[in-house]
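Chains as they are written, first to last, in my numbering: chain A, 207 to 256; chain B, 7 to 640; chain C, 10 to 285.
Among the hints, a few may not be true.
[Claimed, not checked] Distance condition first, Cα-Cα at most 30 Å in a straight line; then the derived DSS-like pairs of lysine-lysine: (1) 284/C with 506/B; (2) 396/B with 167/C; (3) 210/C with 585/B; (4) 167/C with 97/C; (5) 575/B with 506/B; (6) 15/C with 585/B; (7) 307/B with 465/B.
[Stated by the list, open to error] If you anchor each label on the Cβ, the simulated ranges turn out as follows: (8) 219/C with 196/B: 31 to 41 Å; (9) 394/B with 266/C: 41 to 51 Å; (10) 206/C with 255/A: 30 to 40 Å; (11) 242/A with 624/B: 57 to 67 Å; (12) 200/B with 231/A: 35 to 45 Å; (13) 175/B with 284/C: 47 to 57 Å; (14) 536/B with 219/A: 44 to 54 Å.
[What the hints assert, rightly or not] A few chain B residues that face chain A, going by a derived Cβ cut-off under 10 Å, partial list only: (15) 239; (16) 473; (17) 478; (18) 489; (19) 509; (20) 512.
FYI, nobody ran anything at the bench for these hints, they're computed from the structure.
Built from N, CA and C at the ideal position, the CB exists for glycine as well.
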Amino acid sequence: MEQQNNMGIAGRLAAVVIAIVIMLAFYYGLNHLVMGMQGLPLNLDLTPAG
Amino acid sequence: MKQTEFIRRLDVSRLTAMLFPLLVLLVFGLVDAAQADVGMGNAQERITPIGEVRLQGQPPVEIAAKPAAIQEQEVELRAAPRPSRADYPDIGVSSRAIVWVLGQMHLFFGALVLAVPLFVLLIELVGVYTRDDRYDDMAHEFMKISLIGFSITAIFGGSLALALFLLYPDLMAYLMHVFGSQWLVYAGLFFFESFFLYVYYYGWNALRYGNLKWVHLTLGLLLNASGLTIMVMANSWATFMMAPSGVNEVGAVVGNIWEVMKGPLWNPINLHRFIANIAFGGAVVGAYAAFKFLSAKDPVKRAHYDWMGYTSNFIAILAFLPLPFAGYWLMAEIYAYSQQMGITAMGGILAWLFIVQAVLIGTILLAGNFYLWSGMSRTDGSERYKGLIKVIALVLVVCFLIWVTPHTLILSASEISLLGGSHHHILGPLGIMPAKNIAVNLMLIATFLSFQLYRRSDKVATVSWAPMGNALMIAVYIGAVVNIIFLGVYYGYFTNTVYKVGSSVAQVVTTLLVIVFGLVIDALMFKKAKVLPSHWGRIPDRAQYALFALPIAFTWLMALMGYVRSSVKTHWHVYTVMKDNSPDNFIPAIGYAGNMITLVTVLFLLCVLFMFWVANLSGSKQRKPETALAGGEA
Amino acid sequence: MSVLAKTLGFSLGLTLLFTLVTYLLPQIKGEAPVDKKVDLGSLTMESFIVLGDEIFHNKGTCTLCHQPAPLGRAPDIAGEDMVALANKHLADERYQGDAKNAEEYIRESLIHPGKYVVAGWGKKGSNDTESPMPGVDKPPIQLTPVEIDAVIAWLQAKDGGEVTVPLPAVEAAAEAASTATTGDSGKAPAPAATAEEALAKYACASCHAMDSNDALVGPGLVDIGSRLSKEQLRQSIVDPNAVVAEGFPPAMPLDFASRMTVSELEMIVNYLAEKK
Numbered sequence: 207m208e209q210q211n212n213m214g215i216a217g218r219l220a221a222v223v224i225a226i227v228i229m230l231a232f233y234y235g236l237n238h239l240v241m242g243m244q245g246l247p248l249n250l251d252l253t254p255a256g
Numbered sequence: 007m008k009q010t011e012f013i014r015r016l017d018v019s020r021l022t023a024m025l026f027p028l029l030v031l032l033v034f035g036l037v038d039a040a041q042a043d044v045g046m047g048n049a050q051e052r053i054t055p056i057g058e059v060r061l062q063g064q065p066p067v068e069i070a071a072k073p074a075a076i077q078e079q080e081v082e083l084r085a086a087p088r089p090s091r092a093d094y095p096d097i098g099v100s101s102r103a104i105v106w107v108l109g110q111m112h113l114f115f116g117a118l119v120l121a122v123p124l125f126v127l128l129i130e131l132v133g134v135y136t137r138d139d140r141y142d143d144m145a146h147e148f149m150k151i152s153l154i155g156f157s158i159t160a161i162f163g164g165s166l167a168l169a170l171f172l173l174y175p176d177l178m179a180y181l182m183h184v185f186g187s188q189w190l191v192y193a194g195l196f197f198f199e200s201f202f203l204y205v206y207y208y209g210w211n212a213l214r215y216g217n218l219k220w221v222h223l224t225l226g227l228l229l230n231a232s233g234l235t236i237m238v239m240a241n242s243w244a245t246f247m248m249a250p251s252g253v254n255e256v257g258a259v260v261g262n263i264w265e266v267m268k269g270p271l272w273n274p275i276n277l278h279r280f281i282a283n284i285a286f287g288g289a290v291v292g293a294y295a296a297f298k299f300l301s302a303k304d305p306v307k308r309a310h311y312d313w314m315g316y317t318s319n320f321i322a323i324l325a326f327l328p329l330p331f332a333g334y335w336l337m338a339e340i341y342a343y344s345q346q347m348g349i350t351a352m353g354g355i356l357a358w359l360f361i362v363q364a365v366l367i368g369t370i371l372l373a374g375n376f377y378l379w380s381g382m383s384r385t386d387g388s389e390r391y392k393g394l395i396k397v398i399a400l401v402l403v404v405c406f407l408i409w410v411t412p413h414t415l416i417l418s419a420s421e422i423s424l425l426g427g428s429h430h431h432i433l434g435p436l437g438i439m440p441a442k443n444i445a446v447n448l449m450l451i452a453t454f455l456s457f458q459l460y461r462r463s464d465k466v467a468t469v470s471w472a473p474m475g476n477a478l479m480i481a482v483y484i485g486a487v488v489n490i491i492f493l494g495v496y497y498g499y500f501t502n503t504v505y506k507v508g509s510s511v512a513q514v515v516t517t518l519l520v521i522v523f524g525l526v527i528d529a530l531m532f533k534k535a536k537v538l539p540s541h542w543g544r545i546p547d548r549a550q551y552a553l554f555a556l557p558i559a560f561t562w563l564m565a566l567m568g569y570v571r572s573s574v575k576t577h578w579h580v581y582t583v584m585k586d587n588s589p590d591n592f593i594p595a596i597g598y599a600g601n602m603i604t605l606v607t608v609l610f611l612l613c614v615l616f617m618f619w620v621a622n623l624s625g626s627k628q629r630k631p632e633t634a635l636a637g638g639e640a
Numbered sequence: 010m011s012v013l014a015k016t017l018g019f020s021l022g023l024t025l026l027f028t029l030v031t032y033l034l035p036q037i038k039g040e041a042p043v044d045k046k047v048d049l050g051s052l053t054m055e056s057f058i059v060l061g062d063e064i065f066h067n068k069g070t071c072t073l074c075h076q077p078a079p080l081g082r083a084p085d086i087a088g089e090d091m092v093a094l095a096n097k098h099l100a101d102e103r104y105q106g107d108a109k110n111a112e113e114y115i116r117e118s119l120i121h122p123g124k125y126v127v128a129g130w131g132k133k134g135s136n137d138t139e140s141p142m143p144g145v146d147k148p149p150i151q152l153t154p155v156e157i158d159a160v161i162a163w164l165q166a167k168d169g170g171e172v173t174v175p176l177p178a179v180e181a182a183a184e185a186a187s188t189a190t191t192g193d194s195g196k197a198p199a200p201a202a203t204a205e206e207a208l209a210k211y212a213c214a215s216c217h218a219m220d221s222n223d224a225l226v227g228p229g230l231v232d233i234g235s236r237l238s239k240e241q242l243r244q245s246i247v248d249p250n251a252v253v254a255e256g257f258p259p260a261m262p263l264d265f266a267s268r269m270t271v272s273e274l275e276m277i278v279n280y281l282a283e284k285k
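I would like the entire structure built from these sequences, with the hints used as guidance.
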């Protein structure tokens, strides 16, 4: 718990927001990968391709 | 001196341990050879060299002999029997009801005694690595309380076989013909299982430390191996009846025994039953621990049974989490095998049952979560998570309600007019599959979060990157929830069917990834964590009732889904091959099925009580009567 | 209260709760389809007519096309007096068949629908010389002679006409009518082995021209492979109303998904995809 106090509230919030952005990008790639593996390619905006 | 004695003893046990797999192989080989020797195919080959015998003066009707394959087929082809209603013995009681009860009881106990040795072996292994005797004692106790379950399984199995041969002679004759010598192997495996079981259990203290422990573990492994082989063999009969393979369209055997066994549904059922057995076994022994906890007054005993109950719940819930995915695979394979069968199960008459299933699974998840939350009172570090728990509870309840909203059902005309359309105008969008997929995945994620919070509640991370790790963990959860809802709503409602189905795979992968991330991050983050003291036994009594709710719901659920699995065959004994012409060839109404399921659940409950009672009997000792003692001294 | 009583009570209560849920749901039984054996001893003309009615609406699949306008893709049989109509058609100079009376006319149009095509209902482009209707004695409908008689009896009786069809004789007998009571869970016919067999089994050609682009009920399929991808083909069969070809009614049967086996569907899709 002491460690968590090293960073201020603002710092921790920023870390969480950055992490969320990273994870959303990760899930975006995952969706492309999983749908692509099933032969259902997506366009960049995640609409069905073709 | 002592050393050599030890080595000699060790060698003998090792030798036996090693010889048994060989023996198993030998028996398999012998049966195979015997089959080849008496097989019709070989007889045909032996006759062929005599050559053609023709009547003098008659023109040769057919000079070229038929290819061997065709000849062989003609000899062996024996279509499935077509019994008429009069061919089914009538003993005045519904034959199906008798077989239903006996079969389900056999399956309950079979599942229990297959699962318990499996996690007992794992707990024993944990004990070896942690050098903590408590694990070993607990594993031994689990074994003790399920020991007579093996006899009960055998008793119900024997009764079931007798009942089947008596009440469904034609079906059984056909199955005996199809599976042939596999039955002998099956029976033979029981000898091995009994042998390993008794040596494993009674040899527990004799083979407790050092190298002998490894002999004991090997015995446990062999016990599990024979048990699992028995299970997959029995599964092949069930899957053959659902999706026959290795036979032609009239049911005549055209493939070898392997082709008959390896039907399209065999492996999905194997996996599904394997996982479900573990969850079921964990839940049942958890009830034992809860009962002992509630009856014990001694704090040491309470601590022990609290810990035992916690471990059981841990096993049950952990095995339960991947179960929906195994079920998904099974259902997909059923659809691939026969659209009609899939629609019968999910959209036809049986579809209502999935509402009951949702109620049961909801009960299991809520009970499991409630137990975890209550268990947090064992540690002082759990205060941090109080607020989050309320959110989890809310998510679980909302998802549960979405899940039980019915949709894809065949409605009668009057029901449609009552609803004002085939879908409810407000709840309709919540009733369709994408909404349910979202709900199920969110419930699983919420349950895993409870689990993770519980695991964290007695630890404080000391690694320097802990805030980063936590931020990442939060992001994993939030991202996953967003992604699952996005996939469900966007592809489920705004694109076509193919994408709808495809996106549910992505949802499942997301859920699984959350679990993987959670386990990996926590393993790294709490490697050298400061551990706060845990107070085993410090848990409210009401939490123990969750440990009773789990096995009851599991038992009921198992009976229910077994009924669905068996009913998708509709009016067939062996789907598309052998028709069921018995008086019971219809799918009964749900209420009737509910009665049957409750009947078997209560019967199982009573048998389990008996099993626990007998297990405790061995621990109690009658005191020598005072009078005799006094007389002796005088 | 002892621990045993409390825990047992809790467990039993929970069990009963689950049982209660099953009581709240609709109580439906799934009856197995029965092969209907026509008992000649007790068969009355009345029950024979009822049988015909049932065949018309279920096994015969007649109502897929014969519906009142605007849904219908063929004359509205149920809504018109068929005996009067038959006599009118017999008197038409376009009539080329061999029928002498209404009963013979109806039987002829069931088995050889092309003998007389009602004006405006012929295959598109055939100028009413070809009928889009499949013969009912052929697969996939495959009515037996007794069943065809029953349908005729119903058609004659429904508007109060005189029934001229005789009740089935002993030799034509009994076996016949296997009218599945539950169309859904009924028998599973043997799956087709080739794409051609599958196309015949599901009578695709009764609405689609296979070797031309002529529009019948549905579009011609001679070069369908160049117009649609495999995924689109599959979707058009399984979920025909998702995309309906321009200028055509949404007329394709919706139940192929439940009737076709997966391999049949794949064979048909592959076969059609090759047609370029």
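Problem - Structure versus earlier hints - violations, ascending order - result: 2, 6, 8, 12, 14, 15
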